[in-house]
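Peer 1: Protein sequence lines correspond, in order, to chains A and B.
The numbering used here applies: residue 8 is where the first sequence begins, and numbers increase by one.
The numbering used here applies: residue 8 is where the second sequence begins, and numbers increase by one.
Since the hints were derived computationally from the structure, they do not count as laboratory data.
These figures come from a predicted structure and were not determined experimentally.
Check before you lean on any hint, since a few could be wrong.
[Unchecked claim] As a list, the in silico DSS-like pairs of lysine-lysine whose alpha-carbon atoms are at most 25 Å apart:
id, chain 1, residue 1, chain 2, residue 2
1, B, K426, A, K320
2, B, K320, A, K426
3, B, K15, B, K235
4, A, K269, B, K269
5, A, K15, B, K426
6, A, K264, B, K192
7, A, K367, B, K192
8, B, K235, A, K155
9, A, K15, B, K235
10, A, K71, B, K192
11, B, K235, A, K35
2 protein chains.
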Amino acid sequence: MSNVTVTKELISELRQVVEARNEQEVRKLLREMHPEDVAEILYDFSTEDSKFVIALFEGEYAVKILIEIDEDTRDRFLTNYSPEEIAKQFIEFMDTDDVVSIIRSFPPKLKDQIISHITDHEFAANIISLLNFDEDTAGGIMAKELVKVNENWTVAQCIDEIRAQAEEVSNVYTVYVVDDHDRLKGLISLKRLILAKARERVSAIMIEDVVSVPTHASSEEVSSIMDKYNLVVLPVADAIGRLVGRITIDDIVEVIKEEAEKDYELMSGITESVESTDKVWVLSRARLPWLLIGLLGGIVSSRVIGLYEGQLKIHPEMAFFIPLIAAMGGNAGVQSSAIIVKGLANNTLGTKDIFPKIIKELMVSLINGLVCAAIILAYNLFMSDSVELSLTVSIALITVIIFASILGTFVPMLLDRVKIDPALATGPFITTTNDLLGLGVYFLVGRLLYGTF
Amino acid sequence: MSNVTVTKELISELRQVVEARNEQEVRKLLREMHPEDVAEILYDFSTEDSKFVIALFEGEYAVKILIEIDEDTRDRFLTNYSPEEIAKQFIEFMDTDDVVSIIRSFPPKLKDQIISHITDHEFAANIISLLNFDEDTAGGIMAKELVKVNENWTVAQCIDEIRAQAEEVSNVYTVYVVDDHDRLKGLISLKRLILAKARERVSAIMIEDVVSVPTHASSEEVSSIMDKYNLVVLPVADAIGRLVGRITIDDIVEVIKEEAEKDYELMSGITESVESTDKVWVLSRARLPWLLIGLLGGIVSSRVIGLYEGQLKIHPEMAFFIPLIAAMGGNAGVQSSAIIVKGLANNTLGTKDIFPKIIKELMVSLINGLVCAAIILAYNLFMSDSVELSLTVSIALITVIIFASILGTFVPMLLDRVKIDPALATGPFITTTNDLLGLGVYFLVGRLLYGTF
Numbered sequence: 008m009s010n011v012t013v014t015k016e017l018i019s020e021l022r023q024v025v026e027a028r029n030e031q032e033v034r035k036l037l038r039e040m041h042p043e044d045v046a047e048i049l050y051d052f053s054t055e056d057s058k059f060v061i062a063l064f065e066g067e068y069a070v071k072i073l074i075e076i077d078e079d080t081r082d083r084f085l086t087n088y089s090p091e092e093i094a095k096q097f098i099e100f101m102d103t104d105d106v107v108s109i110i111r112s113f114p115p116k117l118k119d120q121i122i123s124h125i126t127d128h129e130f131a132a133n134i135i136s137l138l139n140f141d142e143d144t145a146g147g148i149m150a151k152e153l154v155k156v157n158e159n160w161t162v163a164q165c166i167d168e169i170r171a172q173a174e175e176v177s178n179v180y181t182v183y184v185v186d187d188h189d190r191l192k193g194l195i196s197l198k199r200l201i202l203a204k205a206r207e208r209v210s211a212i213m214i215e216d217v218v219s220v221p222t223h224a225s226s227e228e229v230s231s232i233m234d235k236y237n238l239v240v241l242p243v244a245d246a247i248g249r250l251v252g253r254i255t256i257d258d259i260v261e262v263i264k265e266e267a268e269k270d271y272e273l274m275s276g277i278t279e280s281v282e283s284t285d286k287v288w289v290l291s292r293a294r295l296p297w298l299l300i301g302l303l304g305g306i307v308s309s310r311v312i313g314l315y316e317g318q319l320k321i322h323p324e325m326a327f328f329i330p331l332i333a334a335m336g337g338n339a340g341v342q343s344s345a346i347i348v349k350g351l352a353n354n355t356l357g358t359k360d361i362f363p364k365i366i367k368e369l370m371v372s373l374i375n376g377l378v379c380a381a382i383i384l385a386y387n388l389f390m391s392d393s394v395e396l397s398l399t400v401s402i403a404l405i406t407v408i409i410f411a412s413i414l415g416t417f418v419p420m421l422l423d424r425v426k427i428d429p430a431l432a433t434g435p436f437i438t439t440t441n442d443l444l445g446l447g448v449y450f451l452v453g454r455l456l457y458g459t460f
Numbered sequence: 008m009s010n011v012t013v014t015k016e017l018i019s020e021l022r023q024v025v026e027a028r029n030e031q032e033v034r035k036l037l038r039e040m041h042p043e044d045v046a047e048i049l050y051d052f053s054t055e056d057s058k059f060v061i062a063l064f065e066g067e068y069a070v071k072i073l074i075e076i077d078e079d080t081r082d083r084f085l086t087n088y089s090p091e092e093i094a095k096q097f098i099e100f101m102d103t104d105d106v107v108s109i110i111r112s113f114p115p116k117l118k119d120q121i122i123s124h125i126t127d128h129e130f131a132a133n134i135i136s137l138l139n140f141d142e143d144t145a146g147g148i149m150a151k152e153l154v155k156v157n158e159n160w161t162v163a164q165c166i167d168e169i170r171a172q173a174e175e176v177s178n179v180y181t182v183y184v185v186d187d188h189d190r191l192k193g194l195i196s197l198k199r200l201i202l203a204k205a206r207e208r209v210s211a212i213m214i215e216d217v218v219s220v221p222t223h224a225s226s227e228e229v230s231s232i233m234d235k236y237n238l239v240v241l242p243v244a245d246a247i248g249r250l251v252g253r254i255t256i257d258d259i260v261e262v263i264k265e266e267a268e269k270d271y272e273l274m275s276g277i278t279e280s281v282e283s284t285d286k287v288w289v290l291s292r293a294r295l296p297w298l299l300i301g302l303l304g305g306i307v308s309s310r311v312i313g314l315y316e317g318q319l320k321i322h323p324e325m326a327f328f329i330p331l332i333a334a335m336g337g338n339a340g341v342q343s344s345a346i347i348v349k350g351l352a353n354n355t356l357g358t359k360d361i362f363p364k365i366i367k368e369l370m371v372s373l374i375n376g377l378v379c380a381a382i383i384l385a386y387n388l389f390m391s392d393s394v395e396l397s398l399t400v401s402i403a404l405i406t407v408i409i410f411a412s413i414l415g416t417f418v419p420m421l422l423d424r425v426k427i428d429p430a431l432a433t434g435p436f437i438t439t440t441n442d443l444l445g446l447g448v449y450f451l452v453g454r455l456l457y458g459t460f
C-alpha cells in the first residue's frame with residue numbers, strides 16, 4: 008500500500024534536485040509516487056523543469072502524468088516538444104479517447120503533423136475517425152479500445168481474444184458480444200467468463216439486455232444514462248447498430264462536474280468557463296457582461312426612482328429602504344429559481360405541472376414575506392416616527408417577496424419547457440428584473456400611502 | 008439491445024391496467040423494462056399502486072426498483088410494509104451498502120426490527136457494523152461485499168474462491184489480496200487472472216501498489232482520491248491495515264453531485280438540502296435565514312443612508328443610484344469568490360499564495376471598474392446636469408468594484424485556510440457586506456464632492 012501525500016517539504020526538496028538536474032536524486036524522490044501525484048507537483052515547476060522530470064519516466068507512466076495535468080498547463084508544456092516527439096513519446100502510449108481530448112483543440116496543421124508521425128496505422132485511423140465527432144457527443148468522448156467477441160465463439164476462444172487484445176485495452180470490465188456484422192448483441196462480465204466452462208458458447212452465457220447509446224447522443228444524455236443505470240462503462244453503436252466504441256465512467260465524471268459548474272457559473276454571473284489561472288483580460292471579459300447588465304439595471308432603477316424625485320425631497324427617509332427592498336426581491340427570486348433548477352437537473356421535480364408549484368410557492372413566500380414584513384414593521388414603528396414609511400416598507404416587502412418568488416418559480420420552468428437552460432433564471436436578467444420590480448412597488452405604495460395618511 | 012424510453016402514452020396505459028389490477032397486462036407492459044425505468048414511472052403512482060407493481064417482480068429486480076426511487080418517496084412507500092416484509096422482500100437481496108443507505112435514517116426501533124428479521128446472520132452483523140460508521144465517511148459508504156484471496160494461494164484457488172463468492176458480490180472489478188492477518192497486500196484485475204496460468208502464485212501476479220483509504224476518511228476525501236487516480240473501486244482498510252470494505256464509483260458520483268450542489272445552495276441562499284417536493288414549512292424554513300440576513304443588511308443600509316438624510320433633502324438625485332452601487336458591489340464580489348471557490352474545489356488554483364491572486368484581481372477589477380465607470384459617467388454627463396452626481400457615481404462605482412473583487416478573492420481563500428467551506432463567501436454575509444461597503448463609499452464620496460464643487 009502506498010498512499011503518498013505531497014508535502015511542501017517534498018516539493019522544495021524536489022525543486023532543488025530538479026534545478027541541479029540531478030537525475031538520480033529525482034528518480035529516488037519520485038520512485039514511490041503515483042503519476043497523479045507527480046502531475047500535481049509539476050504545477051509548481053517551469054515547463055523546462057517539467058520536461059526534465061517527465062523525460063525520466065517510461066512511456067506509459069509519462070503519459071499518465073501528462074493526462075492528469077490540466078489542459079492549459081499541458082498545452083503550454085507540449086509547445087516544448089516537436090510534433091514527432093509528441094507522437095512517439097506520448098500519443099502512442101495513450102488510449103484513443105485521451106489522444107482525442109488532448110489534441111482536439113490543437114491547430115489543424117499541428118494535429119495533422121502529430122497524427123502523421125504515429126507508427127500504428129489503425130491507431131492513427133481511429134483517432135482521425137474520432138476527431139470527426141462533435142466534442143460533446145458520445146462519439147466524441149468514446150474510446151475505440153474495447154474487447155469484443157463473436158456470438159458464435161466458445162469461452163476458450165473468448166479468452167484467447169482477450170489475451171490478444173489485452174495489451175491494447177487497459178481497463179477491461181466487460182467483453183462485448185457482436186454478430187458477424189459487428190452489431191452489438193450482448194455482453195459478458197469478466198466474472199461470468201472466469202466461472203464459465205471453456206466449451207460453453209458465448210451466446211449461451213451473454214446478457215442480451217444491454218443499454219447502449221448512439222454516437223450522436225449528447226454528453227449530458229450519456230451522463231444521465233450511466234447515472235440512471237449505474238454503469239461503469241457504456242457501449243456506443245452507430246446508425247446500423249454496429250459497436251464502434253465505449254465510454255468509461257471517468258470520462259463522465261468530468262461531464263457531471265462541468266454540468267454542475269455551469270449552473271454555478273450562470274448564477275455567479277461568469278459567462279465563460281474561466282479559472283483563476285487564466286489571463287487578466289480573459290477573466291475580465293468573462294465577467295464584464297454581467298456587470299454591464301447590472302449597470303443597465305442600475306440605470307433603469309435610477310429612472311424609476313427619478314420619477315419620485317419630488318417625493319424624495321419631502322420624504323428623504325423613503326431612500327433609506329431602497330437597498331433593502333431591492334436586495335430582498337433579488338434574494339427571494341434566486342432562492343425559488345435555484346430550487347426549481349436543481350429539481351429539473353436531478354429529475355426530482357415530480358410532475359412537471361407548473362400550476363401546483365406556483366400555489367406552493369405562493370404559500371412559502373407568503374409565510375416568509377409575512378415574517379420579514381412583521382420584523383421590519385416592528386423595527387420601523389419602534390425606530391422611526393413615520394407610520395407611513397413603516398407601512399410602506401412592510402407592504403412593499405411582502406409584495407416583492409411574493410412576486411419575486413412566483414416569478415422565480417415560473418421563469419425556469421418556462422425556460423425548460425421551451426428548451427432553454429433554466430439556470431439562466433438565476434442569472435443577471437431575472438435578478439435585475441426582481442430588483443426593479445421591488446423598487447417600482449415600493450415607490451408606488453409609498454406615493455399611495457403618503458397621499459392617504 | 009433495449010433502450011426503452013418512458014413515454015406519456017406508456018405511463019397512462021400502465022396506469023389503467025394497474026388501477027384495474029390486471030397483473031397479466033402490467034407484466035406485459037413492463038416485461039422489457041429496466042428496473043430504473045420502472046422506478047421512474049412509479050413516481051407518478053400512489054404508494055398502493057406502486058406496491059402492487061413491485062409485488063409482481065422477483066426479489067432482485069424489485070430491489071433495484073426500490074434503490075432507484077428517491078429517498079422521500081421510498082420512505083413513504085416502505086411504510087406500507089411490515090419490518091419483516093421489508094427484510095425478507097427487499098433487504099436480503101441487497102448489498103450491505105445499499106441496505107445501510109436505505110435504513111440509516113429509519114427510527115432506531117424500526118431499524119432493529121428490520122435487522123432482526125434478516126435470516127443470514129453474517130449479513131445482519133455486517134449491516135450492524137456498517138451502521139456504526141458516520142454517514143459521511145468511507146466506513147459509512149463502503150460495502151462489505153468483495154472478493155478477497157490470500158497472497159499464498161494459486162490462481163486456481165483464486166478462481167475457486169471467486170466461484171464461491173460470486174453469488175454474493177454483484178460487481179467484481181478486482182480481486183483483493185490479503186495476508187494471513189487479513190491485511191491488504193495488493194490486487195489482481197480480473198483480466199490478469201484470466202490471462203494467468205492456473206498454478207501461478209497470487210503474490211507473483213498481484214499489483215502491490217494499491218491506493219486505499221481508512222474507514223474514517225471523509226466522503227469528500229474518498230471522492231477526490233477516486234477522481235484523482237481514476238478509480239472505479241477503492242478498498243477501505245481499518246486502523247491496522249485490514250481490508251474491511253470497498254467503495255464503488257456509483258456511490259461516489261452521488262457525493263460529487265452533492266458537493267457541487269452544496270456550493271450552489273450556499274450561493275442561492277438555501278440552508279438545507281431542500282427539494283421542490285418538500286413540504287411548505289420545510290421550504291420556508293430553509294429559505295428564511297438568508298432572507299433574515301438580507302433584512303438585517305437592509306436595516307443596516309437604512310442606518311447608513313440615514314446618516315445622510317440632510318444631504319438627501321437637498322440632493323434627492325443621490326438616491327437614484329443607490330440600487331446601482333449596491334448591486335454592483337454584490338455582483339463583482341460574487342464573481343471573484345465564485346472563481347476562487349471553483350478553483351479550490353477542482354484543485355486548479357495552482358499555487359495557494361494569496362498575494363499574486365490579489366494583484367491579479369486588482370487588475371481585473373480595475374479594467375472592469377474603469378469600463379463600467381466610464382459608461383455610467385458618459386450616461387450621467389449626458390442625462391443629468393449635475394457634474395457632482397456624475398463624478399460621485401463613477402468614483403464610487405470603481406472603488407466598490409475594486410474593493411468587492413479583492414474582498415471576494417481574499418475571503419474564500421482565507422476561509423479555506425482556516426478550514427471553513429470557502430463557498431460561504433458567495434453566500435449572504437459577504438454579498439450583504441459588499442452592498443453596505445458600496446453605499447458607505449457612495450455617500451462618503453458624495454459628501455466630499457458636493458462639498459468641493
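Peer 1: So, for every hint listed, does it hold in this structure?
Peer 2: Going through the hints against the structure:
1. For the suggested pair B:K426 and A:K320, the alpha carbons sit about 49 Å apart, so the restraint of at most 25 Å is broken.
2. As the CA atoms of B:K320 and A:K426 are separated by approximately 49 Å, the hinted pair breaks the 25 Å bound.
3. For the hint linking B:K15 to B:K235, the alpha-carbon distance of about 41 Å lies beyond 25 Å, and the restraint is violated.
4. Simply put, A:K269 and B:K269 have alpha-carbon atoms about 14 Å apart, close enough for the 25 Å limit, and the pair holds.
5. A hinted pair counts as satisfied when its Cα atoms are at most 25 Å apart, and A:K15 with B:K426 qualifies at roughly 18 Å.
6. Only pairs whose Cα atoms come within 25 Å are accepted, and A:K264 paired with B:K192 is rejected, the gap being roughly 33 Å.
7. Under the criterion of a C-alpha separation no larger than 25 Å, the hint pairing A:K367 with B:K192 is inconsistent with the structure, at around 56 Å.
8. As the CA atoms of B:K235 and A:K155 are separated by approximately 29 Å, the hinted pair breaks the 25 Å bound.
9. The suggested pairing of A:K15 with B:K235 holds, with an alpha-carbon distance near 19 Å, which does not exceed 25 Å.
10. Under the criterion of a C-alpha separation no larger than 25 Å, the hint pairing A:K71 with B:K192 is consistent with the structure, at around 24 Å.
11. Among the hinted pairs, B:K235 with A:K35 is consistent with the structure: their alpha-carbon atoms are about 23 Å apart, no more than 25 Å.
Hint check: violations occur at hints 1, 2, 3, 6, 7, 8; the rest are consistent with the structure.
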